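Add chain B to chain A, keeping to what the hints say.
If you read the sequences in order, they're chains A and B. Here the first sequence is numbered in the UniProt record's numbering, starting from 1 and rising by one per residue. Here the second sequence is numbered in the UniProt record's numbering, starting from 1 and rising by one per residue.
Quick caveat, the hints were computed from the structure, so don't treat them as lab data. Everything numeric in this text was worked out from a predicted model, so none of it was measured. Among the hints, erroneous ones may be present.
Identical copies go unnamed one by one, so any copy, or any two together, can satisfy a pair.
In the SDA-like style, the derived pairs of lysine to any residue whose C-alpha atoms are separated by at most 20 Å in a straight line are [claimed, not checked]: (1) K16 x E204; (2) K16 x A217; (3) K185 x I166; (4) K185 x E171; (5) K130 x R116; (6) K130 x R75; (7) K130 x Y118; (8) K45 x L242; (9) K45 x Y118; (10) K34 x V167; (11) K45 x D177; (12) K34 x R75; (13) K16 x L242; (14) K16 x R163.
Protein chains: 2
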Amino acid sequence: MNQVVTDWRDAAPLSKADFEAAIRNVGVERYHDKHEFHKLLHGGKLQKHQVAAWALNRYCYQEAVPRKDAAFMSRVHDRELRREWIHRIHDHDGLGEEAGGIERWLVLTDALGFPRDYVTSRRGALPATKFAVEAYVRFVVEQPLVVAVASSLTELFAPSIHRERIVGMLESYDFVDDHVMAYFKRRLSQAPRDSEFALGYVLENARTREEQEACVAAVRFKCDVLWAQLDALHHAYVTPGLIPPGAWRPE
Amino acid sequence: MNQVVTDWRDAAPLSKADFEAAIRNVGVERYHDKHEFHKLLHGGKLQKHQVAAWALNRYCYQEAVPRKDAAFMSRVHDRELRREWIHRIHDHDGLGEEAGGIERWLVLTDALGFPRDYVTSRRGALPATKFAVEAYVRFVVEQPLVVAVASSLTELFAPSIHRERIVGMLESYDFVDDHVMAYFKRRLSQAPRDSEFALGYVLENARTREEQEACVAAVRFKCDVLWAQLDALHHAYVTPGLIPPGAWRPE
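Next up, chain A with everything else stripped away, as it sits in the complex (with noise of 0.2 Å):
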């Protein structure tokens, strides 16, 4: 079948119902819950060493996101958009006494039993996970500030995969308990107030329908994201199991 580009500065918009549909419908279709690697983490048919090369890996795109909002703020000449937006780096950072989710993870990996400065290093994880990562880090610097901001929206989608990960993990692998799990249970109250904002600041942003589209295009693009960490873990830790040079190697 033919790729057929369509030209939308023509397009009516649609509307704000739609809109929002079109943007939960990339979810449906991409988001990662659906792949391969996710089924096998929550179905607990993963071993020790698979579920910690995904932890490794994941470390370096949570320490992504805190850079990636900064880099957003760094674009914004609205001091209440940027004054809304700074609770993000607080959440993963944390602030004062509070460790941040950051940290939380720190604990899942503990658990799993890396170093923290092997992890924080990011030396040991897979080169196409830092690729994808830096790719989001750079989209919200590059593109208009609505479709960056339409990027965070694959939030929308979190709280259902935390919830189904949360139950899977604790149910399946011994190595995990309530602590260790910290990080997800508290994603469960900041992915919705986080995707809220974001959702009602893009649809009232995006006015004309080329705008809509590269909104649902950033979602897209954040599904790939999130899509290809999956399958360069997958491609590495199950099937065929070929591990690049310099990444992690289970004893």
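Positioned in the frame of chain A, the structure of chain B alone reads:
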């Protein structure tokens, strides 16, 4: 005299004391407290519309600083450094109930008769002002991290200019009172905390002579950013008083 470009790659590093002295010497030579416009401002020699032009233009700098700090943070993989740095954004943008330094700056532009949306639109500011402050935002994105940190070190020289400004402006101008000068009073306590951290970071992390010289050059660059703003103001609103197209014109 011929300009000599020195190759520092083979030179021995400066001692920390000499390195710090070289940084501080940049302030002695070219911090903007030496600029003719500041002498007029602090000496009570300006008319109200000239003070207004200064406040209107300097808003662009205030507004750029938290974006600069976010741009810096977007490059920092060290969570502890981000957790330290983020309070600079809080200082400018405020956090929760605290309104922040930009709000205090707008109290000053209020007192000088500008509608807030005119100020925040930045459309009456001189192009040279905007070019200078955006060069600062880009600098911290493009330079090595330690050099980016060094560019903030003009804060070492800020408290004395702020003290001089508070005294001079309160004595000289009937449109200035304590409330209006709140921004500078707050910076008297904020700037030393920031510059102490940044100086320690730079002294510790610039190890080679080449890195040290790049840090000293960063302080010079930042002095240029500040100086260029006053040159543009002086040219447009003092002597010869040639206001470029589109910039604010006093009635």
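Hint check results:
1. K16 x E204: within (8 Å within a copy, 53 Å between copies)
2. K16 x A217: within (16 Å within a copy, 51 Å between copies)
3. K185 x I166: The answer is within: 8 Å in one copy meets 20 Å, while 50 Å across copies does not.
4. K185 x E171: For K185 and E171, only the intra-copy Cα distance (15 Å) is at most 20 Å; the inter-copy one is 58 Å.
5. K130 x R116: within (18 Å within a copy, 43 Å between copies)
6. K130 x R75: between (23 Å within a copy, 14 Å between copies)
7. K130 x Y118: Within. Shortest intra-copy distance 15 Å satisfies the 20 Å Cα cut-off; inter-copy 43 Å does not.
8. K45 x L242: Within one copy only: 19 Å inside a chain, 74 Å across chains, cut-off 20 Å.
9. K45 x Y118: neither (26 Å within a copy, 60 Å between copies)
10. K34 x V167: For K34 and V167, the Cα distance is within 20 Å only inside one copy (17 Å; across copies 66 Å).
11. K45 x D177: Only inside one copy: K45 and D177 sit 17 Å apart there, 70 Å across copies, limit 20 Å.
12. K34 x R75: Neither: 33 Å inside a chain and 32 Å across chains, both beyond 20 Å.
13. K16 x L242: Neither: 45 Å inside a chain and 49 Å across chains, both beyond 20 Å.
14. K16 x R163: neither (28 Å within a copy, 53 Å between copies)
When the structure is compared with the earlier hints, violations turn up for hints 9, 12, 13, 14 and for no others.
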